[in-house]
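There are 2 protein chains.
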Amino acid sequence: MARPDSMIPLAPPEGGGPHYIALRDQIATSIEAGQLAAGAKLPSERQLQTGAGTARGTVREALFQLEAEGLIYRRERSGWYVSPPAVTYDPTRWSGFMTYVAEQGRRPATRTVSKESAPATAAVSDIFRVAPGTLLYVIGRLRSIDGRPVLVEKITVDPALAPGLLDHSLDGSLTQVLTREYGATVIRNRVDMRPCALIKTVADELGVKSGTPGLLVVRTSFDAGGRVVEYDQEYWRHDAIRVHVDLSVRG
Amino acid sequence: MARPDSMIPLAPPEGGGPHYIALRDQIATSIEAGQLAAGAKLPSERQLQTGAGTARGTVREALFQLEAEGLIYRRERSGWYVSPPAVTYDPTRWSGFMTYVAEQGRRPATRTVSKESAPATAAVSDIFRVAPGTLLYVIGRLRSIDGRPVLVEKITVDPALAPGLLDHSLDGSLTQVLTREYGATVIRNRVDMRPCALIKTVADELGVKSGTPGLLVVRTSFDAGGRVVEYDQEYWRHDAIRVHVDLSVRG
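Respectively, the protein sequence lines represent chains A and B. Residues in the first sequence are numbered from 1 upward in steps of one, following the working numbering. Residues in the second sequence are numbered from 1001 upward in steps of one, following the working numbering.
Only chain A is shown next, with the shape it has when bound in the complex (with noise of 0.2 Å):
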């Protein structure tokens, strides 16, 4: 079966290029082809250094070739495994992420790693229009996409608009909490995306090496009266998301 990502050849434009293309090719060759499949680990460095028969620089290199493209990632203290298939995010339709990575096929999941009161900085005081120093709820949480830890959140939300929200279950879908259990009703979403490089503790979080670059996805979203009902920040590891959006014209 044919990865949907096979649709967007990532390799690097065309020509000579250097020695370790091929073995990169190779490698890219058989994850496509589906001989190694999604979360196999790949043969250890020193054996596709004999394999190739070729300089160990030039094995790592084909390595971080393929890391940069999302198609291998690196546990630590164990090697290189094929990345599973990122998710697709349609920033214009209105499903939550339990929602659109279920119809992926998908097993999503949702651990609350921290909750509680925080004054709000310049910046969120802003957004929300309170004084600076109102205390907010922050809920830290860490998404899993089949048991692989792939963003970490941070959503702040105004507690007059949800007081006594963080005795609720958050495991799931906040959106949800929110309008069952407050009436708050979304009527716009603004989401702002920019890559990243991961920091420390991000990264750390999501298990992979400081630096890394990721997606931000920072979504606001506003009721009726144009309260801002949820401010969240999303760090994705890079090889988790792709963003899609079809344009038609209006016929």
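Just so you know, these hints were derived from the structure itself, not from any lab. Since this is a predicted model, take the numbers as computed values, not measurements. Glycine included, each C-beta is placed from N, C-alpha and C at the ideal position. Be aware that a few hints might be false.
To be verified - 35 Å max Cα-Cα, derived DSBU-like pairs, lysine-lysine: (1) A:K115 / A:K209; (2) A:K200 / B:K1209; (3) B:K1200 / A:K41.
To be verified - Anything over 12 Å on all C-beta distances counts as not near chain B; from chain A, calculated: (4) A102; (5) S173; (6) Q176.
Claimed, not checked - To give an idea of the interface, some chain B residues facing chain A are shown, with a C-beta separation under 8 Å as derived from the structure: (7) A1086; (8) R1106; (9) N1189; (10) R1194; (11) C1196; (12) V1245; (13) D1246.
Once you've looked at the hints, dock chain B against the given chain A.
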């Protein structure tokens, strides 16, 4: 003046945090307050070290952190500079780079670095529904904002749709050339985005270190007959782009 990205606090989660965070916060505050303007050179690492009375390693940690957040960037053999504000790209709008960059009060430029006929790879031939090996036009361009290179792109066009395309100047909007000279009318755009690490060939052209986080934006545009008009792969430096989508319930 507030930087547009001051809306998104990119700082790590609150808490005691390591030593370098204090220096990071201090520099970030100077940037946000405009004391360090976009394009300004930071004091040298040695000066920062003396000023902060801290270890060299701490200074570097703080600088790497700010780089990861996209607030500063390195110029080879020159030092650290404040990043210009990112431009906003909205995949739900139709305007091209030359237009949306100019609309944001910035100066866009395009330079064609290569144009050739090249045989379609398996993946590309699928997209264009031609036999693998069919000769397609491949155009390489470097685009910059206010004189700073921000993206490298590779555009593929089927000569059957635009014979002689490579004889035209391609240093502006390619879409305009295709419309004006060939009557190609795009009615659908597919946009796929994924964070990536910039591979060496791309990083070299953008003047960044290989492995720097980037964003890959792939746009496939179709005409009314479902034919692919343009297949465009853009590799952006991570601090130059932010993606924005605003979604409202239809009232």
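Open item on the list: Please list, smallest to largest, the hint numbers that this structure does not respect.
Closed with: Per hint list: single violation, 8.
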